[in-house]
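Listed below are the residues making up each chain.
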Amino acid sequence: DSGVTQTPKHLITATGQRVTLRCSPRSGDLSVYWYQQSLDQGLQFLIQYYNGEERAKGNILERFSAQQFPDLHSELNLSSLELGDSALYFCASSLRWGGSSGNTIYFGEGSWLTVV
Amino acid sequence: AQSVTQPDIHITVSEGASLELRCNYSYGATPYLFWYVQSPGQGLQLLLKYFSGDTLVQGIKGFEAEFKRSQSSFNLRKPSVHWSDAAEYFCAVGAPNNDMRFGAGTRLTVKP
Numbered sequence: 012d013s014g015v016t017q018t019p020k021h022l023i024t025a026t027g028q029r030v031t032l033r034c035s036p037r038s039g040d041l042s043v044y045w046y047q048q049s050l051d052q053g054l055q056f057l058i059q060y061y062n063g064e065e066r067a068k069g070n071i072l073e074r075f076s077a078q079q080f081p082d083l084h085s086e087l088n089l090s091s092l093e094l095g096d097s098a099l100y101f102c103a104s105s106l107r108w109g110g111s112s113g114n115t116i117y118f119g120e121g122s123w124l125t126v127v
Numbered sequence: 228a229q230s231v232t233q234p235d236i237h238i239t240v241s242e243g244a245s246l247e248l249r250c251n252y253s254y255g256a257t258p259y260l261f262w263y264v265q266s267p268g269q270g271l272q273l274l275l276k277y278f279s280g281d282t283l284v285q286g287i288k289g290f291e292a293e294f295k296r297s298q299s300s301f302n303l304r305k306p307s308v309h310w311s312d313a314a315e316y317f318c319a320v321g322a323p324n325n326d327m328r329f330g331a332g333t334r335l336t337v338k339p
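Those protein sequences? They're chains A and B, same order as listed.
Mapping to this note's numbering: the first sequence position 8 is 19, numbers consecutive.
Mapping to this note's numbering: the second sequence position 50 is 277, numbers consecutive.
One or more hints might be untrue.
[To be verified] Simulated DEER-style distance windows between Cβ atoms:
1) B/S253 - A/R107: 22 to 32 Å
2) A/G63 - B/A228: 19 to 29 Å
3) A/Q55 - B/S279: 25 to 35 Å
4) A/S49 - B/T232: 18 to 28 Å
5) B/E242 - A/A25: 39 to 49 Å
The set of hints was computed from the structure by calculation and includes no laboratory data.
Note that beta-carbon positions come from the ideal geometry of N, C-alpha and C, so glycine has one too.
Throw the hints in and build the complete structure from the sequences for me.
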């Protein structure tokens, strides 16, 4: 158990809909990351927050957005869903921000999203 | 930007045999390197990491990896594979903004 909690574990929704994925980081971690894992794209970094502020953006679509709340939990909002958005979405957390610190990222078990 | 290459998409080894999974990285500065394992339906679990110091690092489950700067490699090894090691393995390099870039993964199958 990494200590990173994601809900829901599984979600099925229709095209055009909007969903919200929730993540609670490990106790004490200030950074939260979102990744998307699909068969054709592999593991893709979406976005990172540190202590409530956006710090890095990866391959995140404009239809997707995220935020980190004062209690440090994070939500990933996916809207106008398309079939190709079906994937496993991981949340991860780490204590600090910045690769130079070499701090370790711990992953949750993921949220399976199926768009039908 | 940094990148990671895992040349082998799929590897099959017999139980009890030795294992080496390859990882090559591209990064201008001193890299921070990681190996993660993902079992079916599970999240990514950290096996080991290299930040600095001894280039041979030990991890969990009997895995080790060696950082070779001259070859830009961080190969994962295990002397004797167990059936429970069947999983997907990801190499990753830490980035300045800590977004961590992952390789495409190597799927390991263990034959009885």
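Hints that the structure is at odds with (numbers, increasing)
none
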